[in-house]
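Undergrad: If you want the building blocks of each chain, they are given just below.
Protein chains: 2
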Amino acid sequence: MKNVILCTALLLSLKTSAQHKTNLIQYVKPIIGTQRMGHTYPGATVPFGMVQLSPDTDTIPFEVNGKYNPDVYKYCAGYQYDDRTIVGFSHTHLSGTGHADLGDFLVMPTVGQLQLNPGIASDPKSGFRSAFNHANEIAEAGYYKVKLDDDNIIAELTATDRVGLHQYTFPATDQAHIILDLVSGIYNYEEKNVWTYVRVVNDSLLTGYRQTNGWARTRTLYFAMQFSKPFTHYGSKEFSKMPYRGFWGKFDQRSDFPEIAGKQLRMHFDFKTYTQEKIKIKMALSPVSMEGALQNMQAEIPGWDFNAIKQQAQVSWEKELHKIEITGSNELKENFYTAMYHAFISPTVYMDVDGQYKGLDQKIHSAKGFTNYTTFSLWDTYRALHPLLNIIQPARNRDMIQSMLQHYNQSSLHMLPVWSNSANDDWCMSGYHAVSVIADAVIKGNANFDANKALDACILTATHRSYEGIGSYMDLGYVPADKNGTGASNTLEYAYDDWCIAQLAKKLGRMDVYNTFMKRSANYKNVFDTSTGFMHAKRSDGSFTPNFDAMSTNGQGFIEGNSWNYSLFVPHDPAALIRMMGGKEKFINYLDTLFTMHLPDAFFAETEDITREGIIGGYVHGNEPAHHVAYLYNYAGAPWKTQERVRMILNMQYKNTPDGLGGNDDAGQMSAWYIFSSLGFYPVAPGSTQYAIGSPAIDAAILQVGNGKQFIIQTINQSAKNVYVQKIMLNGRILNSFSISHDQIMKGGKMIFYMGDKPVK
Amino acid sequence: MKNVILCTALLLSLKTSAQHKTNLIQYVKPIIGTQRMGHTYPGATVPFGMVQLSPDTDTIPFEVNGKYNPDVYKYCAGYQYDDRTIVGFSHTHLSGTGHADLGDFLVMPTVGQLQLNPGIASDPKSGFRSAFNHANEIAEAGYYKVKLDDDNIIAELTATDRVGLHQYTFPATDQAHIILDLVSGIYNYEEKNVWTYVRVVNDSLLTGYRQTNGWARTRTLYFAMQFSKPFTHYGSKEFSKMPYRGFWGKFDQRSDFPEIAGKQLRMHFDFKTYTQEKIKIKMALSPVSMEGALQNMQAEIPGWDFNAIKQQAQVSWEKELHKIEITGSNELKENFYTAMYHAFISPTVYMDVDGQYKGLDQKIHSAKGFTNYTTFSLWDTYRALHPLLNIIQPARNRDMIQSMLQHYNQSSLHMLPVWSNSANDDWCMSGYHAVSVIADAVIKGNANFDANKALDACILTATHRSYEGIGSYMDLGYVPADKNGTGASNTLEYAYDDWCIAQLAKKLGRMDVYNTFMKRSANYKNVFDTSTGFMHAKRSDGSFTPNFDAMSTNGQGFIEGNSWNYSLFVPHDPAALIRMMGGKEKFINYLDTLFTMHLPDAFFAETEDITREGIIGGYVHGNEPAHHVAYLYNYAGAPWKTQERVRMILNMQYKNTPDGLGGNDDAGQMSAWYIFSSLGFYPVAPGSTQYAIGSPAIDAAILQVGNGKQFIIQTINQSAKNVYVQKIMLNGRILNSFSISHDQIMKGGKMIFYMGDKPVK
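Residue numbers (my numbering), protein chains in the order written: chain A, 21 to 781; chain B, 21 to 781.
Where hints are given, some of them may not hold.
Put simply, identical chains are the same to the list, so a pair is met inside one copy or across any two.
Taking lysine-lysine and the DSSO-like style, the derived pairs with C-alpha atoms no more than 30 Å apart in a straight line are [to be verified]:
1. Lys257 <-> Lys87
2. Lys94 <-> Lys261
3. Lys741 <-> Lys606
4. Lys270 <-> Lys383
5. Lys526 <-> Lys767
6. Lys261 <-> Lys503
By construction, these hints were calculated from the structure, which means they are not laboratory data.
Everything numeric in this text was worked out from a predicted model, so none of it was measured.
Whole structure, please, built from the sequences with the hints as guidance.
TA: Structure representation (structure tokens):
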């Protein structure tokens, strides 16, 4: 009873604070995940913004002497916490991804003799990079500040949706420079820069573009860059092996020459500064044109008030963070709100303020009635991020789906996106999980698009025979190992996706489609080896592949996972899975073994992305295929084991420190897992209206579920020890199952978890 | 008297034929100039059209092992008459220029086993190129036809302003291919292709673009390509050293994969054909976008009637050729109408049917009230081509000037174009001769633009201190040799251009500008060495350079000419020039020596562009600086010598054969010289209203000078021997000078030259 009173008091304090707009961004620590494998960045961005203005601590080439350079992987987000130098501040970064691109338009302030090469980390004075110290670094939501030690310059960054704002505080000098490095980029290789163009419009304004052939095959980002103070001189240098062969001798084109184009350009802008003089830079981006960038700049940052823009950025974060207000320890809040922050970074806005954007067909389109987004890491984010958005960002999720449908409309292949990146498909990872996101939204009633046309898009995508084994899959019921290196996991992922399509078809009353895809959704059975009890890659002739190793992630037909984890990938029909695996007891035993086994060192040698910290027993949380696994105990009649495992994962895999993430945040999926699981429920099978109940780690939470409605979660007697759910009351009535429906959440209400230190069996 | 009657009969026949629209294109021989140095091409284009669809007979790299390959120069227009193979048909060509670019979108039909490399000339079967024979080749204005011997395919080409239309007649085969080579280009080097993109929209339509870094530093040309018959399959191959590093394994992207981007792409489209089956291709171009190209296609060639488009192209040529109707020998007519044809190829239209075009600032602009043009080879064409257009194409010339003024508006340098090429300035050759074209048009009353703003543009261009010695020129009165390798000729060209600016200012009543630039126009005196009687490069300290050689074109401070020719470059004040050179007698002697001297072999070794055929004595007609020289005798009181020399040049420098041009046609300037001179007058100093009288080579001519007015030129007793003017009657009154004014021509009338075989001294 004491606890009930305490919690009610907490809730009251929450409600009060919501009215007074508690400062929640104080709990956001963008530095979380910047060490080792998190692949997050500490710089400034606004929710789902086009600009991610952040320091890059090294510029590592993708290849050295034509060979892949493994060090490059660390720099997916441009920043590694252990580094001691900053090369500069670039304007675009992917958050938490396992492959990379971007890093456009690196800007760096310097003083003294001009240096146009970045120099090396061990000797920062060898180039324009600078040493820095974390003691002089502040990373907040929407704001970043650091002292650049080499030249005693204070750098501050903030952003709007489409414009990065820099503020550099210089010492007094006759030789202040601002470098604009158009060579630098993330995952750079010699031919990544296709072309760059810069036009010096006047003594303080440039426009231009950078065109790359990176992860995105053909991508152009336009910019407009304005300085708060006119430069006295400027210049450019072409670092490519083959400079322009045309006539150029009429001018000295290296200095004060305003029409610049080339493959590997670095520019400098020169100033005289007095002590503590602040030079500010607005860098506006556009996927469409230089005019679009200028228009974006004028619309979003017409003036020069750095603090006002910073405040505006932070207010926008506050607004988004207030979608869920929790109580709990400071550490919990830091983990939770940083997860919220990371979950709200991407997908990213991909259109100008006037609605124009570049489509997959490389044409300019106008977004009518929706905001166009890109950066869809769907293999990751269909699992929990998009379901989360359906609850607390439903309008944005609808627009994201509109964006996917436009991608489909613009696709010569007539396919939905797999990994949408800046008017390109990166085709990364397997499945066609856009169908999951679409089905989930329609089934949960969050669709403002034509659901029948969306279903057509799903069907055409899922029947594109030339795409990664789909033809064989349709003919044989599985993707054969001799046709496709990841045929086993593809089969499993396709089967789940097909179930999503079936659910969508059912909702729309298209029962022929429902029947076809329900049949396909059982294809997971075709790669299950009853003799071993594991999923196992099968060849075209129907035989399983030899040399099976359920532990190995290499050459066994699975992507980013081994058979031990992937054998559990039937999220849409756990009951059938359990039967197939020999019944509840055997199944629980399988799960227990997974969570407690000891992995040999060889496992880590061959597994990308994952450190020992990203693994519990043989359960891999750092990669996604097992994200639903802890919740499967529920379906085998052992919910207390789900509760135990979920809390274990929350504790072990998320910390409020730079090395706090056990694997890539994966564009917010890891964070979305944290948010759901710490609230006490999880979408095991998006496309279903049901969430599985876990074990809440918060003390209390208020979810803003739209139209002024709130869904309140309260825990009684919850603690690090009291992880077992004793009883759940939903709106005053006992909840008799370990699942809750989307409607139950969205209509608002109150859910009270009574917790204890003993499992309720 | 007999002659008078004869000529009147001729005129009558002309008038009658004009009413009946004589077939004049029968006299156009596009093959003239395709052998050796003419740099013309035989393919299909319409007057001033954006598309120049023409065979390329070789693909010569600009560099071999990092060194300039001198053979490439022959292929400025893609075609050399002596070659025995055709590599394919590309859509853009410069006509007669001395540097090159373009050659976009090479298309080639083949049968049999697919070949995606062009092969070598000595073994055409080693690649997709084919042997051909001139006996099976027809080159007409607006139409080109050839038999491709290797595969027995008939290729026919025609064009509209923005669309090339191909018609290939195939044999029966299961293996017909059409190659689209995006690697091929003119003046190609390894890094010239910046990027290409192709989207296969459906089974018969592609859109895409090619982006190059050629002579134009940064240029993108968009296309839409439609086949008259669906292809059964298609594929692409990337020939670059560094192909795309992203994920691509999800599809076999080499075949039937519709979203293609890369640096060095060749594509093939496969068909089955029956005997004599015609496959047609529409290739629409746009400087703006793929949508723009599609729109251009739909507007200009909605259907598939090859013969109708061919007829339309030829009707448009007839219309332009009828601006001047002449009588004379067949050979004369072929020379004359081919000159008209070559004079009406460029500048070229550079905008979509909706008026959109890419500006120098790389932004998209909309041309309001004018047609936007590019391909301004102004160092060549200010001399006679633009003056010719002022007479018979005044509306186009006005639009060309509007285009130049927009170029100026879009220029970060605030300069008028020097060599405008596809939204770039190639900065080729010296001077700022746009001012001559502008002044000439204004002074001749052919200006629909704001002449005061145009004068401002001229002034800012002429005072751009950082441009090729202008700063020194303004300070010292000449461009010093130690600052600039062509300081002597620059000084001469600037002085003439300054005189043009002064004339324009005077016309506008801006006398301060007039005075300033009249003073500058006398700067030619500062590089005249009175001790030798030659123009001579001077150093900053006021001394002339040592080791002077009036014959040499190398290292003497002159561009494309020696001091012997350049010493005569004071077109705006021949009287002062004659005084400076010692009076009329000495001057005539100088000219005589120039035309009769014997040149040593060493001269040719060091002189670009010019064969022995391009030279008479020491007079170089194949390059432009002396184009006015034959007319200078007039000013020294020896007009009969002008008459003699002009006819000699007409005879020796122009023939109706493939090798008929003694030097590059230079974007129509050589042809414009021919047209003026064969009519009997020439604009010695554009910017003046006066034309110098020479010796007409035609029997009679009718010039359509606008508003239905005609200016008729009639010669009495003219023949190869009778080159001397005995008397000139203008509108029934004796003309007492050897000049005629622009007004006298434009108000219409009749000018009768009475000719004889004796000079009238």
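Undergrad: If the cut is 30 Å between Cα atoms, do Lys526 and Lys767 qualify within a copy, between copies, both or neither?
TA: Intra 24 Å, inter 82 Å, cutoff 30 Å: intra-copy only.
Undergrad: Which holds for Lys270 with Lys383 at a C-alpha limit of 30 Å: within a copy, between copies, both or neither?
TA: Result: close only across copies, 24 Å inter versus 36 Å intra.
Undergrad: Please work out whether the CA atoms of Lys94 and Lys261 approach to 30 Å or closer within one copy, between two copies, in both situations, or in neither?
TA: Answer is both; intra-copy 28 Å and inter-copy 27 Å each pass.
Undergrad: How do Lys257 and Lys87 come out at 30 Å by Cα distance, when the copy is not named: within, between, both, or neither?
TA: This pair counts as both: shortest intra-copy Cα distance 27 Å, inter-copy 23 Å.
Undergrad: 30 Å Cα cut-off: does Lys741 pair with Lys606 within a copy, between copies, both or neither?
TA: The answer is within: 28 Å in one copy meets 30 Å, while 114 Å across copies does not.
Undergrad: Between Lys261 and Lys503, at a C-alpha cutoff of 30 Å, which is it: within one copy, between copies, both, or neither?
TA: Result: close only across copies, 28 Å inter versus 41 Å intra.
The structure fails none of the hints (numbered hints given earlier).
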